[in-house]
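*Asks:* Chains as they are written, first to last, in my numbering: chain A, 4 to 322; chain B, 1329 to 1633.
If you're looking for bench data, these hints aren't it; they were derived computationally from the structure. Don't take each hint at face value.
[What the hints assert, rightly or not] Think about it this way: if two alpha-carbon atoms lie no more than 27 Å apart in a straight line, the pair counts; the simulated DSS-like pairs of lysine-lysine are:
id, chain 1, residue 1, chain 2, residue 2
1, B, 1381, A, 81
2, A, 114, A, 59
3, B, 1451, A, 89
[Stated by the list, open to error] FRET-style restraints, in silico, Cβ to Cβ:
id, chain 1, residue 1, chain 2, residue 2, range
4, B, 1455, A, 81, 26 to 32 Å
5, A, 82, B, 1329, 48 to 54 Å
6, B, 1455, A, 22, 14 to 20 Å
7, A, 148, B, 1632, 20 to 26 Å
8, A, 133, B, 1632, 28 to 34 Å
9, A, 321, B, 1631, 58 to 64 Å
10, B, 1627, A, 12, 43 to 49 Å
11, A, 6, B, 1447, 39 to 45 Å
12, B, 1631, A, 276, 46 to 52 Å
13, B, 1531, A, 268, 34 to 40 Å
14, B, 1529, A, 260, 53 to 59 Å
15, B, 1531, A, 12, 53 to 59 Å
16, B, 1627, A, 268, 51 to 57 Å
Cβ coordinates follow ideal geometry from the N, Cα and C atoms, glycine included.
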Amino acid sequence: MSTILSVEHLTTSFGTTSGYVPAIDDVSFHIDKGETLGIVGESGCGKSVTSLSIMKLLTANGKIQSGSIQFEDRDLVKLSEADMRKVRGNDIAMIFQEPMTSLNPVHKIGKQITESLRIHKGMRGPAARARAIELLNLVGIPRAAEIVDEYPHRLSGGMRQRVMIAIAMACDPKLLIADEPTTALDVTIQAQILDLMRKLKAERQMAMMLITHDLGVVAEMCDRVVVMYAGKVVEQGNVRDIFRNPTHPYTIGLLNSIPKLDERKTRLDSIPGAVPSIENMPAGCRFAARCEHATQRCADADPGLRDVSGDYQARCVLV
Amino acid sequence: MISYIIRRLGGSVIVLFGIALITFILAYAVPSDPARMILGQHATLQQVDALRKQMGLDEPFIQQFGNYLMNIIHGNLGFSFLQNLPVATLIGQRLPATFQLALVAWLMELIIGLPIGVFMALKDRKMTDHVFNLVSLIGISLPTFFVGLELMYWVAYRANLFPVGGTGGLSFVILPGLTYGITGAAYYSRLLKSSMVDVLNSDYIRTARAKGAAPLRVIMGHAFRNAIIPVITYGATDIGALFGGIVVIEDVFGYSGIGQMAVQAINNLDTPIIMGTVLFAAVFVVAFNFIVDLLYGLIDPRITY
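With these hints in hand, go ahead and build the complete structure from the sequences.
*Replies:* The following block contains the structure:
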């Protein structure tokens, strides 16, 4: 299968009082056409920064310092802002974690859906409106012809996330980046939204990058997975390999912290400690301080990504 | 919606009643005798007493206030002591001039203040922020009469671009309006800037950018309408300040509007005109606030009445 997105050695930094500090450091991964890649990790590990770097939507104090983001035949890092705008919402679309605040409260749903059609396809008037209704139907919104004239505050969180998906689908993107799309939703709604995304992805042969901290969602949705920790990729490979045979102690910890239905426990497993702050990154393995297998050589030098087998790599001396 | 309008109208009547009461108490308490004012220094005590009786000034306070209210309800604001004309007529004569000036002054505030606010929100950096804060502080601190005199000297007298003062067409309104605009714009720009910075950091702005919207579209199409809501609230309260400011500006520029008339009436203790202009200003402010409250619903669909 051919690759649609290839991120190589991407380092994105944020300006702080003590200079530029990398939030993600030397991150590399790729997504094949029609594939779903999961990116998992705790809060603050750099998942969202990775996705915003790809879209080049970082806040003013953030900046891509090195690396490349090859999308089809273009390096997004080198694209001008004007050219990048032609990619956003057109070739690559994105949906966000917070459906309650991601829609503009003063614009009607229809206007918000047709906006990218107006920008990228020059579609206007009744044609755009008809397309908006079609998109609302596609994402399973009942009474689409009425909802198109409603304002966002009239819709529930799940409905708003469907609208966000409709917006993302408007221009038939080749890649959809979903940043924690179900985190803010009820469990039953989560399942509906995931089903919808899976269905759309299959119908349109779209590639998807799914950012989540929920390994259950990864198992359900993804073909391959990238595990991130403290701004670095610590493990990546096939979902089946990683779930059956996790290598990196962090991934093992994450998997152990999922409660299992057939176990009786008074306390849930967790990984002790917290992610180091980006201003105080240890020189060696970033997980060493929380790792039960850590030795002196872990603290001395970063082990680097090592091949476990084929397309499966882990950043650990145990490999 | 209808019940909201009725409730608001009821509230407005109560506010106006309170203002009528306060101005009446103040006029009642002023140690000057209207009958003496009208008849002049040479009239006899009998003549003055006769006029007091005729005007009802010998009646108890409550009776006098009741008469005053009844007259207001019938649109009778009393007679000017000095000009012997109905106050309502005098206000009516000067209303178009003042209204024109108020409108131009307010537009000047917006034309100067809003673009600066948007620009500053986009350049939200330390250095530009300091400069902006300093300049806007100067703008807020400058008294209108000072700005007015400077403009009058440099723009009207030296550069000869506009008339120095007086009343006439649009050219007579520009400088007084600009005077108010310069001093008032800083509030609008500061308010819009902080509101705009908040909005620009919101999730829906990121959504708009993720659609590929260009900066101008993001700012004008998405951010401005959300950011303008607190500015409109301020605009409503500003109308009161606008009226106060216009009184001074009309006096400085010799502009024959209601403000100038009020200043002259204060100097001459022409009480009916003072009371009439205060009441008129109150009606204006109350009406404007009412309109703005209805405007919210148009701008922000989340607001229902």
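*Asks:* Decide, hint by hint, whether the structure agrees.
*Replies:* These are the hints, each one checked on the structure:
Only pairs whose Cα atoms come within 27 Å are accepted, and residue 1381 of chain B paired with residue 81 of chain A is rejected, the gap being roughly 91 Å. Restraint check: the Cα-Cα separation between residue 114 of chain A and residue 59 of chain A comes to about 24 Å, which is no more than 27 Å; the hinted pair holds. With a C-alpha separation of about 25 Å, the suggested pair residue 1451 of chain B and residue 89 of chain A falls inside the 27 Å cut-off, and the hint holds. At about 30 Å, the beta-carbon gap between residue 1455 of chain B and residue 81 of chain A stays in the expected band of 26 to 32 Å.
Checking the proposed 48 to 54 Å range against residue 82 of chain A and residue 1329 of chain B shows it holds: the Cβ atoms sit about 50 Å from each other. For the pair residue 1455 of chain B and residue 22 of chain A, the supplied restraint of 14 to 20 Å holds, since their beta-carbon distance comes to about 19 Å. Residue 148 of chain A and residue 1632 of chain B have their C-beta atoms about 23 Å apart, which keeps the hinted 20 to 26 Å range intact. Between residue 133 of chain A and residue 1632 of chain B the CB atoms are about 29 Å apart, so this pair conforms to the stated range of 28 to 34 Å.
Between residue 321 of chain A and residue 1631 of chain B the Cβ separation comes to about 60 Å, which falls inside the hinted range of 58 to 64 Å. For residue 1627 of chain B paired with residue 12 of chain A, a C-beta distance near 47 Å keeps the hint of 43 to 49 Å intact. Restraint check, residue 6 of chain A to residue 1447 of chain B: a C-beta distance of roughly 43 Å satisfies the suggested window 39 to 45 Å. In this structure the hint that residue 1631 of chain B and residue 276 of chain A lie 46 to 52 Å apart at CB holds, the actual value being about 47 Å.
Between residue 1531 of chain B and residue 268 of chain A the beta carbons are some 37 Å apart, a value that agrees with the proposed interval 34 to 40 Å. At about 33 Å, the CB distance of residue 1529 of chain B to residue 260 of chain A disagrees with the hint of 53 to 59 Å. At about 30 Å, the CB distance of residue 1531 of chain B to residue 12 of chain A disagrees with the hint of 53 to 59 Å. The given range of 51 to 57 Å is respected by residue 1627 of chain B and residue 268 of chain A, whose C-beta atoms sit roughly 54 Å from each other.
Consistency with the previously given hints fails for numbers 1, 14 and 15, ordered from lowest to highest.
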